[in-house]
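**Student:** Using the sequences and the hints, build the whole thing.
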Amino acid sequence: MTKRSNISRLHIPEPPFRPGDAPDYSHISVPANHTPHRPDPLCEGHETSEHALRLIRVLRFNGEAVGEWNPKLSAQQLHKALKDMMMTRAMDGRMFTMQRQGKMSFYMKSTGEEAMSIGHAMALRHDDMIFPTYRQQGILISRGASIKDMMCQCLSNAGDHLDGKSIPVLYSFKKHGFFSISGNLGTQLIQGVGWAMANAYRNEDAVASVITGEGSTAEGDFHYALNFASTYKAPCIINVVNNQWAISSFQGIAMGEGESFAARGTGYGLATLRVDGNDVLAVYAATKWAAERARRGGGATLIEHFTYRKEGHSTSDDPTKYRPEEEPDIWPFGDPIERLKMHLIHLGEWDEERHTAQEDACKKEIREIYKQAEAMGTLSGETNLDDMTMFEQVYEQPPRHLQRQIDMFKEELDH
Amino acid sequence: MTKRSNISRLHIPEPPFRPGDAPDYSHISVPANHTPHRPDPLCEGHETSEHALRLIRVLRFNGEAVGEWNPKLSAQQLHKALKDMMMTRAMDGRMFTMQRQGKMSFYMKSTGEEAMSIGHAMALRHDDMIFPTYRQQGILISRGASIKDMMCQCLSNAGDHLDGKSIPVLYSFKKHGFFSISGNLGTQLIQGVGWAMANAYRNEDAVASVITGEGSTAEGDFHYALNFASTYKAPCIINVVNNQWAISSFQGIAMGEGESFAARGTGYGLATLRVDGNDVLAVYAATKWAAERARRGGGATLIEHFTYRKEGHSTSDDPTKYRPEEEPDIWPFGDPIERLKMHLIHLGEWDEERHTAQEDACKKEIREIYKQAEAMGTLSGETNLDDMTMFEQVYEQPPRHLQRQIDMFKEELDH
Amino acid sequence: MPQMNMIDAIRDAMDVKMSQDPDVLVFGEDVGYFGGVFRCTAGLQEKHGLHRCFDTPISEGGIVGIAVGMAANGLRPVAEIQFADYIYPGYDQIASEAARLRYRSNGDFTAPLTIRTPVGGGIYGGTTHSQSPEALFTHIAGLKTIIPSNPYDAKGLLIQAIEDNDPVLFLEPKRLYNGPFDGDPHKPSVSWAKHELGEVPSGHYTVPFESARKVSSGDDLTILAYGTMVWVAEASAKLMGVEADILDLRSLMPLDTDAIEQSVKRTGRCLILHEATRTSGFGAELAAQVAEMCFYSLEAPILRVTGWDTPYPHAQEWAYFPGQKRVCNGIRKIMESQ
Amino acid sequence: MPQMNMIDAIRDAMDVKMSQDPDVLVFGEDVGYFGGVFRCTAGLQEKHGLHRCFDTPISEGGIVGIAVGMAANGLRPVAEIQFADYIYPGYDQIASEAARLRYRSNGDFTAPLTIRTPVGGGIYGGTTHSQSPEALFTHIAGLKTIIPSNPYDAKGLLIQAIEDNDPVLFLEPKRLYNGPFDGDPHKPSVSWAKHELGEVPSGHYTVPFESARKVSSGDDLTILAYGTMVWVAEASAKLMGVEADILDLRSLMPLDTDAIEQSVKRTGRCLILHEATRTSGFGAELAAQVAEMCFYSLEAPILRVTGWDTPYPHAQEWAYFPGQKRVCNGIRKIMESQ
Ligand SMILES: Cc1ncc(C[n+]2csc(CCOP(=O)(O)OP(=O)(O)O)c2C)c(N)n1
Ligand SMILES: Cc1ncc(C[n+]2csc(CCOP(=O)(O)OP(=O)(O)O)c2C)c(N)n1
Ligand SMILES: [Mg+2]
Ligand SMILES: [Mg+2]
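Sequence order for the protein chains is A, B, C and D.
The opening residue of the first sequence carries number 1 in this note's numbering; numbering runs sequentially from there.
The opening residue of the second sequence carries number 1 in this note's numbering; numbering runs sequentially from there.
The opening residue of the third sequence carries number 1 in this note's numbering; numbering runs sequentially from there.
The opening residue of the fourth sequence carries number 1 in this note's numbering; numbering runs sequentially from there.
It should be emphasised that the hints constitute simulated quantities derived from the structure, not laboratory data.
Treat the hints with care, since some could be wrong.
[Said to hold, decoys possible] In the PhoX-like style, the derived pairs of lysine-lysine whose C-alpha atoms are separated by at most 25 Å in a straight line are:
1) B:Lys-80 x B:Lys-148
2) D:Lys-333 x C:Lys-265
3) A:Lys-321 x C:Lys-47
4) B:Lys-175 x B:Lys-83
5) B:Lys-410 x D:Lys-333
[To be verified] Partial chain A-side listing against chain C, Cβ under 7 Å, derived:
6) Ala-158
7) His-161
8) Lys-165
9) Ser-216
10) Ser-248
11) Ile-253
12) Asp-387
13) Met-390
14) Glu-412
If you're wondering where the values come from, they're calculated on a predicted model, not measured in any experiment.
Every residue gets a Cβ at the ideal spot worked out from N, C-alpha and C, and that includes glycine.
**Tutor:** As C-alpha cells, this is what we get:
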C-alpha cells in the first residue's frame, strides 16, 4: 500500500516514497562545489545563515578530500577514524544478532551514521562533555571506552556499571565525557547548555556538545536549548543528526516547511552549519570550527548532520513496513565507511585487501569481547545482579520509608 | 543603582538603561523608507525573511500615510480606530484607578499598545478566533463587546459571565471570537494552531490568530506553535507583541543574540513580518496580508509587533524600579493614538479641539459605564455572587465526589 | 461475537467513532501510516484518510495543545502519547489547560478530548517505558482518568471517553494488550483468544464511568485493583484460597466510591493494589477514603501492595513488580490480623 | 537576634550560601536586578554580581533544565519558579530528569539543585496564582519536597536544601511571607516582627529534613498540617478548646513517619489538613499511612479537611480555602465520634 489520499484542506506531509514505490533521490543533487566557504569561527552568527542551507563536504565520492574545510588529518588519525567506525559497525551487528537470540531486551544500531559519532568525538577534547542520544555509541569507542563494559550494560549483567537499572544502550560514562543518556527525548539538550554555562561561570574553556535526532527537535527542550544558548552565549555545540527518519515518521513531519534543521538556529542568532554527515572529515571540520568558536567565547553553534538511518529504528521495528526496502542503498550520500576507505585508498594508505582483513579482524575482536561480556551474565539467563541494587541511588541515602520497603522486600524474599 | 558588573565568562544580557541612567534611543533609527515591499500573500515563506529584519510602517510622524502597505482605510474606519483606541485607554485609566481604590484585586493596562489590538481586530473577520493575552482588551472594544460586561469581569460581581472564577482581565468572549485567556503564558499559541487545523479539517476558511508577548516566546508552546503551524500549514497568524519588557526583564533576555522575534519564524519556513506596532495602519495592513495568506491556503505568518509598554506590567509593580522613569516618553516610535490623530488631522478629518472633546467624552462614557458595573458589586464590597458557583463547570456534570463536597460546604455554611 | 485482544478492541473503538462522527480524528507519534508502535491505530489512516489519522512531530506538549484547540473548536480529537512515561512535556497542557478551560471560561469553551497512552511494566521497558503515573492526574480537578483491564471494557470505555464532553486520560496497561497477565512472567503467556472478556461486540456500545466491575465476590476481604493488577489480584486470591470481593475500579476519576464502601463494609478487610510507586500513589486516596467511610466496619488495617518508591528498574523488573508473592503476603497479613 | 519575615529569611539563606560557596548561584524570572516579584532575591545581584543572580527567559522547562546541567557539572543552582502554578512546563525536567539522573546513571551523575516556588492561596490570585501542587511531587521517587511555615524554619530548611546532594523542591506558602495567617481574612494581618519564629539567627544553621516540628502538645487529637494550614490548625484548636498534638510536617518527602505514628498512637484521633485539592492530595498519603500504622489505636475515623476538588476560584477564595470553620467542623466530628 502506498501514500494516502487527503480530501481535506488540512495539509499532512508525506514522505516521497512508501513501500511499493520505487524510490528515486536523483533530485537531491550532491554538487561537489556545494560547500560554503569557511568563515572565521568568531564571525557574527548571521554570517553563517547561508551555511544553514548548503552542505559542508570534504570527501568526494572518488576519494579526494577537497576545499578549505579539509582538516588534513594525519594518516594515523584517518586510520583510527576508519577503525573506530568499523568497530562500531561490527559491535552493532553483533549486538543486534545477540538481541535476536534473546540475550538482551533491546538494541539500537547506528549503521550509516558512524561518521557523525567518530568525526565529532575526534574533533573534541576529552574534557568536553557530550550529551548523546542512543545512536552515538561510536563516541565511546572513539574515546577508548571499554567495549566489554558497553556490552555488559546492554546485557544488564554483573559487569554493568549501571547495575541493570537502565535499558540497553542508555550508557553513562562520566570518565569518558559521555553524559548519562535519558530515555526521554530532547531533555538533555537544555541540560547540556546548563553544563556549558557552568563551565563559563567557572571561567573554564571546556565546551559541551549536545545531540538530538531531527525528529526530537520538535520537543520544547530544543527551543529552550537554542534560546538559552543564545541568551547566555553558552559555550556549546547543538547537533541535530538528521537521519531522515524518526521511527516511522520521515523528517518532514518535524521539518514542516522549513528548508533545513540548521536553519532553525538562524532566528536565534546562533552560528549554523549544515554538514554531510556521511563525510567523517566534514563532520570533524565542522565540529572543530564550532568548538573553537565556543571555546573562544563566540557562543553556540547549531550543526545539522545530514545522514541516513540505514537500519530499523531499533530491534522493535521493521523499516520495510513504512519505507521502500531499497531506499537505504540508493541514498545518494553513500556509506561513511566506504567513503573514508576510498579516501585512504586514494592516498595510497589502504587497499581492498587490508580493508576486508580489518573488517574480519573487527568482527573477530568484537566476538571475543562479547564472549567475555556474556560470561558475566545475560538478562535471559542469569544477570548475576543482586535485586537489592534496585533500591540504591534513588537518593544519596535511603530515607526511612525506603528502608522500610527494603525490609518488606527482604521479607518477601524469605517467604 | 545602575547596571551590575560581571567578573565571569558567563554572559548575562543587560538592558541599555537602568534607573539612574539617562536613556538615549537615538541609535534606533526610524527611517521612513525602512519599509520592505509588499509581496504576494501566497509567496514562498523565505521570500519574507528580509521582512523579519526590517519594519513595515505606513504612518509618518508628520501624519502622512505612505507606501504600498497603506491600507487606504475610509475616514469612517479611521475614526472608529481612533475612537476604539481612545476608549481602550480611557477604560484602562479608569480601571487602574479603581483597582488602586481597592475595588478589584488586580488590573493590567495596554497603554501604548492599543494600535496592535485595534488594527489587528479591524483587519480580521468576526469568525476568526483570536487567542489573546491579557493586554489586548482593545480587541473586545473593537469587536463591540459590552464594556460593562468587561468591567463586571474585573469586579468579579453578579454581572461577570465567569462568576468571579477568574482574576481580572482574563476575559472569555466566545461570541466575539475572543478565546478564554489563560493565566499560564504561551499555552494558547499551540491551541490556536489546533483551532486553525480544525478549520482546515472542516474545509472552512476562517483563520485563527494567536498572540504572545515577546517574553513568553521562550516557552515551549511558542516552538510547538511554529513547528505545528509549519508542518500542517495551519491557517493562522502567530503574533509576537514585542513591547520591550517582560515584567522587569528587557526583551534581550528572551531574544538573546537574535536580530528580531519575527526572525524566529524563518527557520520554520513561515512567512515573517515585522511591523511598527505603534502604527495602527501598518498593523492593519500586515494582519490583512497574513489573514489572506492563511485563508487562501498559504499557511501561517509570524508577525512581530514592535511597540513599547508605557506603564507598569500590572497594578502589582512599579516600573521605575527597573527602568528609567523617562524611558516611555523618549521611546522613538511615539504614541499610537497621537500618530493616528496626526494622520486624521493631516487628512483634514480632525483637529485638536475635536480630539480633546472626544477624549473627555470617552472618559465620561467610561465613568458612566463603570458606575453601572460597580452597582452590580465589587470584590472589596459585595460581589453578589453565590459561593456555590465555585462548584460549577468543573465538569459538565458534577461527579459523586463533588456532590458530596457540595453537601459538605452547605453543612459548613449552616454551622 | 468477534474475539479481540485489547489492541484490536481499542482500534475498533476508534474505528466505530470515526465511522459515526466526522468530528473524531486521531493523531500522535507514528500513529498514521505505521499504525502506532503498539499497532493500536493500524489501518485507520488507510480506511478513513490521511487527514483523520496522522503522524505528529515528537512533541507531547504540541500534541495535547492542538487537541485542546481542536476540541474547543468542535472536534473530538483522540491523541496518542506513545508511552505514559513521555506524557510530562504535555503535563501543563493537560493540567493547566485541558482540565481548566471549562472552569476558567465558566463553560464558554470546553475541551472534549481523549488522550490514550500505554502504562505499566512487565515488558523490560525500564525506567522510561514502564511508568504508571495515574496519581499525577487523579489530583487534577476537571480531568477524568480511566484504565481498563480487558478488551471488552477497553472498547466500551474508550467510546465513552470519546463521547464525553470533558477531557479524558485513557490509560492502557500495555502488559494486557495481548492477554491477561497474572503476574508470573515464567508461565507461558495467555492470549485473549479464548477468554470471555476477549469477546467484544462489533459496533457501538459503551461502558459507563464511575462504575467499578465486580471481578469476584467473597466475604473474606475486599481487593481494590485496576489495570494489570486486577489479574494479579484474582490469581493471588485463588492461590491463597480466600473468598475475595475483587473490584476492578476501571474509572479512577470519577471513582465508584459506593461500590467500594458497600464491599468493605461487608468484608471489613481491604487490600489495595497498584503497580505505581507507593508514596502518593492512587492507593493512598483509596486507603484514605476507605479509612474514612468504613472505619467502624474495619477488622484489619488497610494495606497497600504496590511498586517500590524507586524508578522502575530494568533488570530487576520482577523484583519491583508487585507480583503474586507480594500480593499473597498482603492477603495473609490482612487475614491474620484481628 | 535579627527579626525577619519569611522573605528576609529566605533571602538570607541564599545570601549565606552564596557568601560561603562560589558554586551556589540563583536564577529565575525577574530575580536579578528586580529582586523577584516577591522580593526574595532583592539585593543578591548587587551584592554577589550579575553572574551569580540573574534573570532567565520565561521558560520554566529551560530554567529547570539548565539547573540540572549545572548541578551535574558541580554547581549548586537555586532556581526560582515565579509561582508554583507555572511549574508544569518544567515538570518533565523535574520528574524525568532531576529526580532520575542519579538512579539511571547509578550515581555516575547527580543533580544537587534546589527549586524554590511560592504556593497556596489567600491573596486573590485565582486559579493560576494559588495552587498547592505538593502531591504531584511527593509521588516522584528521587525528589525531596519541603514546605516551611515560618521564617526560622524557612532559612534553616533552605540552607539544608542547598547543601543536600539530591534535588529539592522548596515550597514557600506565599500567604505566610509577611506574617502568620490563622485563616481569617477579616482580622488585621499579623506580622513576623514580634513573633518568636520571626527571630532568625544570622549566619549559617540548618533545620533537618524528615523531622516534623511539634507545634503544640495535647492528648485529645493529632493534627497533621504543613505550610499555611499549621496556623489555621493552631487557631482552630484554640477556638475548639481541644488539647491538640499539632505537627508541622515541614518535610513531606522524606516524611517524619515516626513522629506521626507516636502522636496518633497516643491520641487515637487524627485530623489531616491541606489547602490543595482533596482527591490524591498529600493528605491521602498521610491518611493511608496513619490507617496502616495506627489502626489498633484509632478511636475515630481519620478525617481530611482540604480545599475542594475544583480549581482555586478567585472571588470565592474564602469559600474554597479550608479556614477555621471547616477545620473546627473536622475537629468536632473527630471528637464526637467514638
Ligand atoms: C519524550 C519522548 N517521546 C517519545 C519517545 C519515543 N521515541 C523514542 S525514539 C523516537 C524517535 C526519535 O527520532 P529522532 O529524534 O529522529 O532520532 P533517531 O531515532 O532518528 O536517531 C521516539 C518517538 C521518547 N523516547 N521520548
Ligand atoms: C508559565 C508562566 N510563567 C510565568 C508567569 C508570570 N508572568 C506573568 S506575565 C509575565 C511577563 C510576560 O511578559 P511578555 O510575554 O513580554 O508579555 P507582556 O506582559 O510584556 O505583554 C510573567 C513572567 C506566567 N503567568 N505564566
Ligand atoms: Mg531521526
Ligand atoms: Mg513584553
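**Student:** Within 25 Å, alpha carbon to alpha carbon, are Lys-80 of chain B and Lys-148 of chain B?
**Tutor:** Within the cut-off at roughly 19 Å; holds.
**Student:** Take the shortest C-beta to C-beta distance between Lys-165 of chain A and chain C; is it under 7 Å?
**Tutor:** Interface hint status for Lys-165 of chain A: holds (5 Å vs cutoff 7 Å).
**Student:** Taking the least C-beta to C-beta distance, is Ser-216 of chain A closer than 7 Å to chain C?
**Tutor:** holds, 5 Å
**Student:** Does the CB of Ala-158 of chain A sit less than 7 Å away from some CB of chain C?
**Tutor:** violated, 10 Å
**Student:** Need the status of pair Lys-321 of chain A, Lys-47 of chain C: alpha-carbon distance at most 25 Å?
**Tutor:** holds, 17 Å
**Student:** Answer holds if the nearest beta-carbon of chain C is closer than 7 Å to that of His-161 of chain A; otherwise answer violated.
**Tutor:** violated, 13 Å
**Student:** Measure nothing beyond the straight line between the CA atoms of Lys-410 of chain B and Lys-333 of chain D; if it is 25 Å or shorter, mark the hint as holding.
**Tutor:** Status holds; Cα separation ~16 Å.
**Student:** Quick one, is the Glu-412 of chain A hint okay against chain C at 7 Å, beta carbons?
**Tutor:** holds, 6 Å
**Student:** With a cut-off of 7 Å on the beta carbons, see whether Ile-253 of chain A makes it to chain C.
**Tutor:** Since chain C brings a Cβ to about 5 Å from Ile-253 of chain A, closer than 7 Å, the hint holds.
**Student:** CA of Lys-175 of chain B to CA of Lys-83 of chain B, is that 25 Å or under?
**Tutor:** Distance of about 22 Å is within 25 Å: holds.
**Student:** Does Lys-265 of chain C lie within 25 Å of Lys-333 of chain D when you go C-alpha to C-alpha?
**Tutor:** holds, 20 Å
**Student:** Less than 7 Å between beta-carbons is the criterion; does Met-390 of chain A satisfy it with respect to chain C?
**Tutor:** The hint holds - Met-390 of chain A has a Cβ within 7 Å of chain C, the shortest such distance being about 4 Å.
Hints 6, 7, counting from the list given before, are not met by this structure.
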